[in-house]
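A.B. asks: Chain order of the listed sequences is A and B.
In this text, residue positions in the first sequence follow my numbering: the first is 52, and each later residue adds one.
In this text, residue positions in the second sequence follow my numbering: the first is 630, and each later residue adds one.
Hints listed in this document are in silico derivations from the structure and should not be mistaken for laboratory results.
Using N, Cα and C, we set each Cβ at its ideal position, and we do this for glycine too.
A few of these clues could be false.
[Stated by the list, open to error] Stretch-level coverage of chain B by chain A, calculated; a stretch enters the list once three of its residues show a Cβ under 8 Å from a Cβ in chain A: (1) 644-654; (2) 731-739.
[Claimed, not checked] With a Cα cut of at most 25 Å, we get these calculated SDA-like pairs of lysine to any residue: (3) B:K673 to A:N148; (4) B:K673 to A:D82; (5) B:K644 to B:N681; (6) A:K88 to B:S716; (7) B:K691 to A:Q149; (8) B:K673 to A:R112.
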Amino acid sequence: DQQVKQNSPSLSVQEGRISILNCDYTNSMFDYFLWYKKYPAEGPTFLISISSIKDKNEDGRFTVFLNKSAKHLSLHIVPSQPGDSAVYFCAASATGNQFYFGTGTSLTVIP
Amino acid sequence: EAGVAQSPRYKIIEKRQSVAFWCNPISGHATLYWYQQILGQGPKLLIQFQNNGVVDDSQLPKDRFSAERLKGVDSTLKIQPAKLEDSAVYLCASSSRTAHRGYTFGSGTRLTVV
Chain A
52 DQQVKQNSPS
62 LSVQEGRISI
72 LNCDYTNSMF
82 DYFLWYKKYP
92 AEGPTFLISI
102 SSIKDKNEDG
112 RFTVFLNKSA
122 KHLSLHIVPS
132 QPGDSAVYFC
142 AASATGNQFY
152 FGTGTSLTVI
162 P
Chain B
630 EAGVAQSPRY
640 KIIEKRQSVA
650 FWCNPISGHA
660 TLYWYQQILG
670 QGPKLLIQFQ
680 NNGVVDDSQL
690 PKDRFSAERL
700 KGVDSTLKIQ
710 PAKLEDSAVY
720 LCASSSRTAH
730 RGYTFGSGTR
740 LTVV
């Protein structure tokens, strides 16, 4: 049972443009969400988080938006850079419990 | 600070053999996790330790998988006997608090069962 879904396996964007990565979840008890970035042959690295008490969190070029009614979150990267090319995972948890991960979206930023 | 260390990086074994993975978390991190990531899927939690106690092992196939975290520091994950479907990357992660603010992952061990 996939509680966190990333329906786009891959995304290609021109350098300098906006990248939008989407994530949907099914469990209404989820109240904390993370985005991880993963380069080949490395472990995932934490990128940005958002709590369910917020609908937006921003960190430099990265912004995460949360729409609780739609059970949807998105990661915006502006402007996109070639170094952003990686696999991005979203993850969600209910307070104090394990994180459930999506299947990932492979982002390619074209110079 | 040093990251989460895992070894080996790669392992190829035949089905029905046994294998063990090792993880050394970030110093001072009380919580340690083992995740399994099958190709094309997201990481799936196998077991979570808080110090040397098990918090959650509900998704650990206990007939073949075992894990321990003696002295609340480093940890080993064992598979015995291995099956073809165990081929995956095994990720270890640690955090200073349970769950939130994200984990720090190691580079993982890529297991291939042939």
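A.B. asks: If you test the structure against every hint from before, which numbers come out violated?
C.D. replies: Numbers 1, 5, 8, in rising order.
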